[in-house]
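Asker: Since chain E is already given, all that's left is putting chains F and S on it; use the hints.
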Amino acid sequence: MSVRLYQEPAHRLHGMLVKKEIKAVELTEDVLKRLEETEDSLKAYLTVTADNALQAARETDEKIARGEDIPFLAGIPGGIKDNICTQGIKTTCASQILANFVPPYDATVMTKLKNQSPVLLGKLNMDEFAMGGSTENSSFQITHNPWDLDAVPGGSSGGSAAAIAGGSAVWALGSDTGGSIRQPASFCGVVGLKPTYGRVSRYGLVAYASSLDQIGPVTRDVTDAAHILNVIAGHDAMDSTSAAADVPDFTAALTENVKGLKVGVPQEYFGEGLAPEVEAAVRAAIETYRQMGATIKEISLPHTKYAIAAYYLIAPAEAATNLQRYDGVSYGARVDGADLVDMMTKTRTEKFGAEVKRRIIIGNYALSAGYYDAYYLKAMKVRTLVQRDYTEAFQTVDVIMTPTAPTTAFKIGALTSDPLQMYLQDVCTVPLNLAGLPGISLPCGFSKEGMPIGLQIIGRALDEATVLRAAYAYEQSQDFHNRLPEIGGNAK
Amino acid sequence: MKYEAVIGLEIHCELKTKTKIFCGCATEFGAAQNTHVCPVCLGMPGVLPTINRRVVEFGIKAGLATNCAINQYSKFDRKNYYYPDLPKNWQTSQYDLPIAEHGWVDIEVEGEKKRIRLTRIHMEEDAGKLVHSGTTIKDSTSSNVDYNRTGVPLLEIVSEPDMRSAAEARAYMEKIKAIMEYIDVSSCRMEEGNLRADINVSLRPVGSEELGTRTEMKNINSFKSLEEAINYEIERQTEVLEDGGHIIQETRTFDPVRGVTLSMRSKENAHDYRYMPEPDLPPIVTAPETIEKYRRELPELPDARRERLEKECGLSAYDAGVITASRAMAEYFDKVTATGAEAKLAANWIMSDLAKNLNAEGITIEKSPVGAERLGQMILLIMKNTISGKIAKTVFQEMWTNPASPEQIVNDKGLVQITDTGAIEKIVDEVIANNPKAVADFQGGNKKAIGALVGQVMKASKGKANPQMVNKLIAEKLG
Amino acid sequence: MKVSKEILANVAGLSRLAIAEEETTRYQEDLTKFLAYVETLNEVATENTPPTTYALPMENVFREDDVRPSLDREAALLNAPLKEDGYFKVPKVLED
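Protein chains in written order, with this note's numbering: chain E, 1 to 492; chain F, 1001 to 1479; chain S, 2001 to 2096.
Where hints are given, some of them may not hold.
[Stated by the list, open to error] Pairs of lysine-lysine, PhoX-like flavour, derived with a Cα cap of 25 Å:
{"#": "1", "chain 1": "E", "residue 1": "LYS23", "chain 2": "E", "residue 2": "LYS63"}
{"#": "2", "chain 1": "F", "residue 1": "LYS1426", "chain 2": "F", "residue 2": "LYS1016"}
{"#": "3", "chain 1": "S", "residue 1": "LYS2089", "chain 2": "F", "residue 2": "LYS1129"}
{"#": "4", "chain 1": "E", "residue 1": "LYS305", "chain 2": "S", "residue 2": "LYS2033"}
{"#": "5", "chain 1": "F", "residue 1": "LYS1437", "chain 2": "F", "residue 2": "LYS1459"}
{"#": "6", "chain 1": "F", "residue 1": "LYS1224", "chain 2": "F", "residue 2": "LYS1114"}
{"#": "7", "chain 1": "S", "residue 1": "LYS2033", "chain 2": "E", "residue 2": "LYS411"}
{"#": "8", "chain 1": "E", "residue 1": "LYS351", "chain 2": "S", "residue 2": "LYS2005"}
{"#": "9", "chain 1": "F", "residue 1": "LYS1175", "chain 2": "F", "residue 2": "LYS1356"}
{"#": "10", "chain 1": "F", "residue 1": "LYS1384", "chain 2": "F", "residue 2": "LYS1459"}
{"#": "11", "chain 1": "E", "residue 1": "LYS19", "chain 2": "E", "residue 2": "LYS114"}
{"#": "12", "chain 1": "E", "residue 1": "LYS90", "chain 2": "S", "residue 2": "LYS2083"}
{"#": "13", "chain 1": "F", "residue 1": "LYS1344", "chain 2": "F", "residue 2": "LYS1384"}
{"#": "14", "chain 1": "F", "residue 1": "LYS1311", "chain 2": "F", "residue 2": "LYS1393"}
{"#": "15", "chain 1": "F", "residue 1": "LYS1356", "chain 2": "F", "residue 2": "LYS1367"}
{"#": "16", "chain 1": "E", "residue 1": "LYS259", "chain 2": "S", "residue 2": "LYS2002"}
{"#": "17", "chain 1": "F", "residue 1": "LYS1459", "chain 2": "F", "residue 2": "LYS1426"}
{"#": "18", "chain 1": "S", "residue 1": "LYS2089", "chain 2": "E", "residue 2": "LYS90"}
{"#": "19", "chain 1": "E", "residue 1": "LYS262", "chain 2": "E", "residue 2": "LYS305"}
{"#": "20", "chain 1": "F", "residue 1": "LYS1344", "chain 2": "F", "residue 2": "LYS1464"}
{"#": "21", "chain 1": "E", "residue 1": "LYS351", "chain 2": "S", "residue 2": "LYS2083"}
{"#": "22", "chain 1": "F", "residue 1": "LYS1002", "chain 2": "F", "residue 2": "LYS1113"}
{"#": "23", "chain 1": "F", "residue 1": "LYS1462", "chain 2": "F", "residue 2": "LYS1390"}
{"#": "24", "chain 1": "F", "residue 1": "LYS1175", "chain 2": "F", "residue 2": "LYS1114"}
{"#": "25", "chain 1": "E", "residue 1": "LYS305", "chain 2": "S", "residue 2": "LYS2002"}
{"#": "26", "chain 1": "F", "residue 1": "LYS1393", "chain 2": "F", "residue 2": "LYS1335"}
{"#": "27", "chain 1": "F", "residue 1": "LYS1129", "chain 2": "S", "residue 2": "LYS2083"}
{"#": "28", "chain 1": "F", "residue 1": "LYS1437", "chain 2": "F", "residue 2": "LYS1426"}
{"#": "29", "chain 1": "F", "residue 1": "LYS1175", "chain 2": "F", "residue 2": "LYS1224"}
{"#": "30", "chain 1": "F", "residue 1": "LYS1311", "chain 2": "F", "residue 2": "LYS1113"}
{"#": "31", "chain 1": "F", "residue 1": "LYS1114", "chain 2": "F", "residue 2": "LYS1002"}
{"#": "32", "chain 1": "E", "residue 1": "LYS346", "chain 2": "S", "residue 2": "LYS2083"}
{"#": "33", "chain 1": "F", "residue 1": "LYS1293", "chain 2": "F", "residue 2": "LYS1356"}
{"#": "34", "chain 1": "E", "residue 1": "LYS346", "chain 2": "F", "residue 2": "LYS1129"}
{"#": "35", "chain 1": "S", "residue 1": "LYS2089", "chain 2": "E", "residue 2": "LYS351"}
{"#": "36", "chain 1": "E", "residue 1": "LYS346", "chain 2": "S", "residue 2": "LYS2005"}
{"#": "37", "chain 1": "F", "residue 1": "LYS1344", "chain 2": "F", "residue 2": "LYS1390"}
{"#": "38", "chain 1": "F", "residue 1": "LYS1462", "chain 2": "F", "residue 2": "LYS1448"}
Quick caveat, the hints were computed from the structure, so don't treat them as lab data.
Just chain E, same shape as in the assembly (with noise of 0.2 Å):
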């Protein structure tokens, strides 16, 4: 067999199962032997669960054997970002602080999931508790870029975004709190979607930043990701964020035609520190949609350049409190101590990571008394003028593109010993979040050493459906989301 099932989207996947080309155990046990092969390599995943992914396709199959109909995702294998609460099954955040925590509960997005009877094979790796940009701060390993393991996948979501590249889940799930979804799937050449604020419940995700987190797809192509926010969007009576909007068929937007698509482009994110690859393949995809019949235009967004440290405050500071329940009381880890207070502040010392522990000392300096008007309620200020930039913006643009991320993938300990560089990777992804809008990142190219370039699609507010239909597009257009890693040999 010259190409293995591994290697398919989901949709076409779903159309073999339907035709009986194959059957759910048989691309299960393909997806599982992918994930033995790379897994080594990858260190995409915390906890697999093979035997309920199995039983979970044979259910399947069953149900195709007696002639029903089957979900988008029956009898599919995918991987969940271990922030998400799966009720039985651990779920870590990548931190030794929930090591050993099963939820009793599962996350909404898990109940809609599992309407669909897919295959879930289990948790993926992910910065400690969705805090970095490369996974390198998850407390149990570091997971590598499938197009290159000596570097990073991105992050949070590296897990999710290394599974789908490497050929180990078909489909995945990650969060999105300044670019988690859309950096990480730039950076492994894959397409990762950032709903709009409130899109998708959040109840049951594990919360780092309340007012920016949002859950979403990581896939191999934007068709997919279409069908999975089919599944997961919607109003959620538990989460009172959540958006009351309809949900139209996302699927339905993925026509070929953007003639007439009103395409800003920002001057504000073409600007140092960018690298000329990234800026050469971004520009090119654009020049592809004004070929395409899309009207392009320069537009001004003038407080991306404050965008940054406004989510270093406001993001921390809604951590530090979030955070402040892991103290060893009711669940989680507890280290012994003389007291409470000391039982306390010895679990919480000892179990956080430096980069979680960082950013709560970096939020409670921006909440405590005497500094709250100078950071904290000046970060939210600035918050509402980056939001204007983009609402006035979209008076006359439909969608706004722009790159991903500055770079490709850096290599693995280029940036740790330097913090705010890193936070400065995050200057594309984290405005959106600010604005609660729905994002993109699709590939767009590979620089000489073959890594692979992501181009960003910013829609209004609820408008995922226009953000879909250009990425799908440009897609149909190339065939940068055809193209397999060759993972340090063994990707045969």
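Answerer: Just chains F and S now, with coordinates in the frame of chain E:
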């Protein structure tokens, strides 16, 4: 130097909802430990709160009933501090935009009216319960945590420091309790901790406008403790100041057994609560029409009811005050008068014999074995001269244990009043004949001597003769 | 402005984190550098700008007051580091 006390109260009032403020767990009191808990109130990773609609409604109603302005834009905030009864290590509360602000209630102490201002009313979640292994928290080697109470909805009602004595503080808390009962947002059962107060007390020289250093006593849950704690604290602070000392700003505990307040001797590092807006809960925006709708739904409040009882029923200010202090008593009164019973008589019976019996048995008026209707029927018997007021006391005691109608009891026990002039005249004649000394005294000018004669008649009639008629007949015969 | 040891210690306390003596300088430097970076926000005039707490405008999202099932106690206590008689057990509480 002469000092005056400056007292402010923060009253925590537990709301009467079926479910917790941010999750669907039951609020029911007295369940087995950790059985009314879910991922949300346990603060598990990934959970999100949802606002109980009733809590907002109750918050707005409480605000309206205490003359507050309702904030049309209100929101929840995180109040951050670490304590094991607080699973998230923050309390979801309200900071700069509480549901209601700037209210007032009127109190009356020894006939003097006074207005106490309310700073604010905000909504928040209660914490869980720590059970200590030792007798006190200090000698316990460990503690056990029960999260059933975590997330039970509370209103925190904060007063301005407008009270000057324990009696005023008590009157204020009684008024708040009455209002919360009237608008039916809380059971206000103090023994269950439904209503508890944190008290701030400071002293300042009479005439000074500046506030002195204050101490705080937390979780006071009876009126008696409230008064004792304040009086003790005033005395203690006066002594310290008179000895030239300084008051230390601190939290003190009140020991109800010894009637003293004690320093907690905890490190008084001023808490830095790092308040921040709760990003998981959208703001509460209340339109003026909604506020007006709630205002229309409010029942008659204690002050209005008291005024009505004074004006329409002719009760004294004091009686009206006592009757309307609790919603249950006021409703009982209304039911008694609804039978046609005269208001003053009704008030007297409720405040004396009924109150005495309830107190003796430690039961509430809702559980009184003599219901309002039966008391009303009994009062009607007095009004119809079927029984005298004195006999009525016997009838009432019988009614306490006998569910029969007062009429039935009066008939069965032969307690019907004698109003037949002939029958009474016969007894009067006998008494006059048998008491020459009293008769002589009376005729000699000692008008008081008639009392002895009337007493004899009443005794001979076993209390059933109508006293007014007896008086009249004796006076006529000897006049 | 350099973040002093005292301020760092205060924030560490608020965070219930212990910072070892040998880490102190590093933390001070990182935080100082970070704060210098976010100083750029002061270039933005925000006197008349309201803060944004919520990514999208939403209001009045309420739940009806209907009881839902609680967790079984077993499930509630499943992840407890230490439990006793249906309670979560914690060490000696010293502070108020």
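Asker: It remains to establish, for every hint, whether it holds in the given structure.
Answerer: For each hint, the structure was consulted:
1. Restraint check for E/LYS23 and E/LYS63: satisfied, since their Cα atoms lie roughly 11 Å apart, inside the 25 Å limit.
2. Distance restraint check for F/LYS1426 and F/LYS1016: the Cα-Cα separation of roughly 63 Å exceeds the 25 Å cut-off, and the hinted pair is therefore not satisfied.
3. Taken as a hint, the S/LYS2089 and F/LYS1129 pair is honoured in the structure, with Cα atoms around 12 Å apart against an allowance of 25 Å.
4. At most 25 Å may separate the alpha-carbon atoms for a hinted pair to count; E/LYS305 and S/LYS2033 meet this at roughly 17 Å.
5. Only pairs whose Cα atoms come within 25 Å are accepted, and F/LYS1437 paired with F/LYS1459 is accepted, the gap being roughly 18 Å.
6. A C-alpha spacing of about 21 Å is found between F/LYS1224 and F/LYS1114, which places the hinted pair at or below 25 Å, so the restraint holds.
7. With a C-alpha separation of about 24 Å, the suggested pairing of S/LYS2033 with E/LYS411 holds against the 25 Å cut-off.
8. Taking the CA atoms of E/LYS351 and S/LYS2005, the gap is about 23 Å. The hint holds against a cut of 25 Å.
9. As the CA atoms of F/LYS1175 and F/LYS1356 are separated by approximately 22 Å, the hinted pair is consistent with the 25 Å bound.
10. Between F/LYS1384 and F/LYS1459, the direct Cα distance comes to roughly 22 Å. Compliance with the 25 Å bound is thereby established for this hinted pair.
11. Of the pairs offered as hints, the one joining E/LYS19 and E/LYS114 holds, with about 22 Å between alpha carbons and a cut-off of 25 Å not exceeded.
12. Of the supplied pair hints, the one linking E/LYS90 and S/LYS2083 holds, its CA atoms being roughly 20 Å apart against a limit of 25 Å.
13. For a cut-off of 25 Å, the pair hint linking F/LYS1344 to F/LYS1384 stands: about 15 Å separates their Cα positions.
14. A threshold of 25 Å between alpha carbons decides the hint, and for F/LYS1311 with F/LYS1393 the separation of about 28 Å lies outside it, so the pair is violated.
15. Annotation: proposed proximity of F/LYS1356 to F/LYS1367 holds, straight-line Cα distance about 14 Å (limit 25 Å).
16. Distance hint between E/LYS259 and S/LYS2002 is unfulfilled; the C-alpha atoms sit about 55 Å from each other, more than 25 Å.
17. A C-alpha spacing of about 14 Å is found between F/LYS1459 and F/LYS1426, which places the hinted pair at or below 25 Å, so the restraint holds.
18. Distance check on the hinted pair: S/LYS2089 and E/LYS90 sit about 23 Å apart at the alpha-carbon level, within 25 Å; holds.
19. This hinted pair checks out: E/LYS262 and E/LYS305 have alpha carbons roughly 24 Å apart, not beyond 25 Å.
20. Only pairs whose Cα atoms come within 25 Å are accepted, and F/LYS1344 paired with F/LYS1464 is accepted, the gap being roughly 23 Å.
21. Taking the CA atoms of E/LYS351 and S/LYS2083, the gap is near 21 Å; set against the 25 Å cutoff, the hint holds.
22. Between F/LYS1002 and F/LYS1113, the direct Cα distance comes to roughly 24 Å. Compliance with the 25 Å bound is thereby established for this hinted pair.
23. A distance of roughly 11 Å separates the Cα atoms of F/LYS1462 and F/LYS1390; the hinted pair therefore holds under the 25 Å criterion.
24. A distance of roughly 12 Å separates the Cα atoms of F/LYS1175 and F/LYS1114; the hinted pair therefore holds under the 25 Å criterion.
25. At roughly 24 Å between alpha-carbon atoms, E/LYS305 and S/LYS2002 fall within 25 Å of each other, so this suggested pair holds.
26. Taking the CA atoms of F/LYS1393 and F/LYS1335, the gap is about 20 Å. The hint holds against a cut of 25 Å.
27. Between F/LYS1129 and S/LYS2083, the direct Cα distance comes to roughly 15 Å. Compliance with the 25 Å bound is thereby established for this hinted pair.
28. Using a Cα cut-off of 25 Å, the hinted pair F/LYS1437 and F/LYS1426 holds, with the two alpha carbons roughly 19 Å apart.
29. Distance hint between F/LYS1175 and F/LYS1224 is fulfilled; the C-alpha atoms sit about 15 Å from each other, no more than 25 Å.
30. A C-alpha spacing of about 18 Å is found between F/LYS1311 and F/LYS1113, which places the hinted pair at or below 25 Å, so the restraint holds.
31. Of the supplied pair hints, the one linking F/LYS1114 and F/LYS1002 holds, its CA atoms being roughly 22 Å apart against a limit of 25 Å.
32. Pair hint E/LYS346 plus S/LYS2083 holds up; C-alpha atoms about 19 Å apart against a cutoff of 25 Å.
33. With a CA separation close to 41 Å, the supplied pair F/LYS1293 and F/LYS1356 exceeds the 25 Å bound.
34. The suggested pairing of E/LYS346 with F/LYS1129 holds, with an alpha-carbon distance near 24 Å, which does not exceed 25 Å.
35. A threshold of 25 Å between alpha carbons decides the hint, and for S/LYS2089 with E/LYS351 the separation of about 20 Å falls inside it, so the pair holds.
36. A threshold of 25 Å between alpha carbons decides the hint, and for E/LYS346 with S/LYS2005 the separation of about 20 Å falls inside it, so the pair holds.
37. Distance restraint check for F/LYS1344 and F/LYS1390: the Cα-Cα separation of roughly 16 Å lies within the 25 Å cut-off, and the hinted pair is therefore satisfied.
38. A C-alpha spacing of about 22 Å is found between F/LYS1462 and F/LYS1448, which places the hinted pair at or below 25 Å, so the restraint holds.
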